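So the sequence lines, in the order shown, correspond to chains C and L. Each residue of the first sequence is one higher than the one before, counting from 1 in the working numbering. Each residue of the second sequence is one higher than the one before, counting from 1 in the working numbering.
It cannot be assumed that every hint is accurate.
Said to hold, decoys possible - Cross-link-like lysine-lysine pairs, in silico, DSS-like; alpha carbons within 27 Å at most:
id	chain 1	residue 1	chain 2	residue 2
1	L	Lys257	C	Lys120
2	L	Lys196	L	Lys154
3	L	Lys34	L	Lys257
4	L	Lys275	L	Lys178
5	L	Lys412	C	Lys18
6	C	Lys18	C	Lys48
7	L	Lys257	L	Lys275
8	L	Lys154	L	Lys251
9	C	Lys120	L	Lys385
10	L	Lys385	C	Lys18
11	C	Lys48	C	Lys79
12	L	Lys275	L	Lys196
Said to hold, decoys possible - Using C-beta positions, here's what the derived DEER-type ranges look like:
id	chain 1	residue 1	chain 2	residue 2	range
13	L	Pro175	C	Gly99	38 to 46 Å
14	L	Arg161	C	Gly80	45 to 53 Å
15	L	Asn93	C	Glu102	36 to 44 Å
16	L	Ala200	C	Glu143	50 to 58 Å
17	C	Thr88	L	Ala21	55 to 63 Å
18	L	Gln415	C	Gly111	26 to 34 Å
Keep in mind the hints are simulated off the structure, nothing from the lab. These figures come from a predicted structure and were not determined experimentally. Cβ coordinates follow ideal geometry from the N, Cα and C atoms, glycine included.
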Amino acid sequence: MMDSKQLYQEVILDHNRKPRNYGALADATHRSEGLNPLCGDHIWLSLKVDGGAVAGIAFEGQSCAICKASASMMTTVVKGKAVGDVETLIGEFRAMATGQLEPATQAHHLGRLTVFAGIKDLPSRVKCAILPWHTLHAAFVQEGSTTTEGEADPVS
Amino acid sequence: MTAQTALAVTPPTLDVERIRADFPILRNVHPHGKPLVYLDNAASGQMPQPVIDRLVRYQTHEHANIHRGVHTLSETATAAYEDARRRVQKFLNARQEREIVFTSGCTEGVNLVMHGYGRRFIGEGDEIVITWLEHHSNIVPWQMLCEERGAKLKVVPIDDRGDVILEEYERLVGPRTKLVAITHVSNALGTVNPVKQMIAMAHAHGVPVLIDGAQAVPHVAVDVQDLDCEFYAFSGHKIFGPTGSGALYGKAEWLEKMQPFKGGGDMILSVTFEKTTYNAIPAKFEAGTPPIAAMIGLGEALDYVGRIGLDAIAAHEHELLAYATEKMSAVDGVRLIGTARQKASVLSFYVGEVHPHDVGTLLNEDGIAVRTGHHCAQPVMQRFKVPATARASFALYNTFEEVDALVASVRKVQQLFA
Chain C
1 MMDSKQLYQE VILDHNRKPR NYGALADATH RSEGLNPLCG DHIWLSLKVD
51 GGAVAGIAFE GQSCAICKAS ASMMTTVVKG KAVGDVETLI GEFRAMATGQ
101 LEPATQAHHL GRLTVFAGIK DLPSRVKCAI LPWHTLHAAF VQEGSTTTEG
151 EADPVS
Chain L
1 MTAQTALAVT PPTLDVERIR ADFPILRNVH PHGKPLVYLD NAASGQMPQP
51 VIDRLVRYQT HEHANIHRGV HTLSETATAA YEDARRRVQK FLNARQEREI
101 VFTSGCTEGV NLVMHGYGRR FIGEGDEIVI TWLEHHSNIV PWQMLCEERG
151 AKLKVVPIDD RGDVILEEYE RLVGPRTKLV AITHVSNALG TVNPVKQMIA
201 MAHAHGVPVL IDGAQAVPHV AVDVQDLDCE FYAFSGHKIF GPTGSGALYG
251 KAEWLEKMQP FKGGGDMILS VTFEKTTYNA IPAKFEAGTP PIAAMIGLGE
301 ALDYVGRIGL DAIAAHEHEL LAYATEKMSA VDGVRLIGTA RQKASVLSFY
351 VGEVHPHDVG TLLNEDGIAV RTGHHCAQPV MQRFKVPATA RASFALYNTF
401 EEVDALVASV RKVQQLFA
């Protein structure tokens, strides 16, 4: 079993302490709300899509450190990327968090997001890490709100 | 004589090491290589060896379906099942065996009262009074009923300590009230409600009372005749019995007036396509084959608790809780949620700004099992303006050393996030 200290490493603690791109965009073209009802993680994303790319993104909300750090790092990584590339990243992040993609041996575009690889060993926390990505996808497809439960459940 | 009297009222000290030896899971499991510190008793208790042995003996020597066959095994199983009912009766000090209905747990007990009493007797404009402390399972069934019947749910507020405000309760119970449904002990905060007083206050208006005893029975001696409640529901697994077991106590005259909850076998006297005659209580409410072994296990668990004595258990847990409250309060940044005048078992807390789920994951690394989340009591969380809490809940087998381990681990969490 993974030592959770490996997960609560400095980069994640730092993003939790000082989340990047925290707040809301006044000129957002897409917004969505993500809720993990089981633990109460609740975030709002606002983003500005311009010319098929993410020109701006911000998040706010109440959540655990894993969710907040995941959201914070997500905003820094996706800013400036084409929507299609971001959708690829969303898929890869979900696959990594649910143990279907092993970043050490399989090809991916996750870069420093692999600090979340260990979450697959903490089944009750997988949804915390995935929620921001899930919410980003919902924003792209213009769903106002999303949850980690039901049909969209990443771990069922 | 005076000395003897003093001795008689002092509860015997609990031999915790001996009790721990009865619970194999406490020595068999080592999360992250650490001894298990199990502080999630409010979610589910562990099972002592006598209960495990009873389940094995039933399945290996006594099993058949009950209330049906004339053969030896069926009679043996029926006798064991009905003996378990008598043990529940004795445990709650009910007048009669037939006042004990076996259920799958406290949730089913509440739902049984909702369907059996509520759907028969509660209509438009009627009111049901609950408190702000309720578990979702004593909120949602009443909301469903209110929606169906046009009745109203009235919620008694709590103060900043987590105590029910009795003046508000008195104000809310009135001529329109058809039922009071309240928890004995709050699962999220540990508040012990003054249920005897609240029952008397409801009775002054002729209103029947259902007590949700899920969190109370492992910690507080319950005497339904002394309380004089109409209904008392609890779950077996929280009092060291099997999941899927539980019981609802109901005064016979009320159970008789109520309609059945589920239709099926065992709850009927006769069936034709034109008319079905229902069985007498409690069978009227026990349709289908129950988890027989689970109920027999429940009976054994109640006897186990009875042999140790709830007074001794309560005294031990009270000391543990007082010790834990003092030690945790001394940790910088720790905020205790729920500081009611009278509490049982539960210590809900918040560590600085750290989300309870992070606290739970990190405590687990030290082998400590606590519950994190809203505890199926979201209104309580909203009342204290927190999305969730970490909750340590104690049982008879917990020790002062385990409290020390909890406090040390909480300090580590705080340092990590500092």
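Status of each hint after checking the structure:
For the hint linking Lys257 (chain L) to Lys120 (chain C), the alpha-carbon distance of about 53 Å lies beyond 27 Å, and the restraint is violated. About 20 Å separates the Cα atoms of Lys196 (chain L) and Lys154 (chain L), which keeps this hinted pair within 27 Å; it holds. Between Lys34 (chain L) and Lys257 (chain L), the direct Cα distance comes to roughly 54 Å. Violation of the 27 Å bound is thereby established for this hinted pair. At roughly 30 Å between alpha-carbon atoms, Lys275 (chain L) and Lys178 (chain L) are farther apart than 27 Å, so this suggested pair is violated.
Among the hinted pairs, Lys412 (chain L) with Lys18 (chain C) is consistent with the structure: their alpha-carbon atoms are about 21 Å apart, no more than 27 Å. In summary, the hint linking Lys18 (chain C) to Lys48 (chain C) is supported, as the alpha carbons are separated by about 22 Å, within the 27 Å threshold. Taking the CA atoms of Lys257 (chain L) and Lys275 (chain L), the gap is near 19 Å; set against the 27 Å cutoff, the hint holds. Distance hint between Lys154 (chain L) and Lys251 (chain L) is fulfilled; the C-alpha atoms sit about 24 Å from each other, no more than 27 Å.
Among the hinted pairs, Lys120 (chain C) with Lys385 (chain L) is inconsistent with the structure: their alpha-carbon atoms are about 31 Å apart, more than 27 Å. Between the alpha carbons of Lys385 (chain L) and Lys18 (chain C) the distance comes to roughly 23 Å, so the proposed pair stays at or under 27 Å and holds. Distance restraint check for Lys48 (chain C) and Lys79 (chain C): the Cα-Cα separation of roughly 10 Å lies within the 27 Å cut-off, and the hinted pair is therefore satisfied. Between Lys275 (chain L) and Lys196 (chain L) the alpha-carbon distance is near 42 Å, which puts this suggested pair outside the 27 Å criterion.
Distance hint check for Pro175 (chain L) and Gly99 (chain C): the Cβ-Cβ separation is about 60 Å, which falls outside the suggested range of 38 to 46 Å. As the Cβ distance of Arg161 (chain L) to Gly80 (chain C) is approximately 52 Å, the hint placing it in 45 to 53 Å holds. Evaluation of the 36 to 44 Å hint for Asn93 (chain L) and Glu102 (chain C) yields a failure: the beta carbon distance comes to about 60 Å. Here the CB-CB span from Ala200 (chain L) to Glu143 (chain C) is close to 53 Å, well matched to the stated 50 to 58 Å.
For Thr88 (chain C) and Ala21 (chain L), the hinted distance range of 55 to 63 Å is satisfied, since their beta carbons lie about 56 Å from each other. Separated by about 30 Å at the C-beta atoms, Gln415 (chain L) and Gly111 (chain C) satisfy the suggested range of 26 to 34 Å.
Of the hints listed earlier, those the structure fails to meet are numbers 1, 3, 4, 9, 12, 13 and 15, in rising order.
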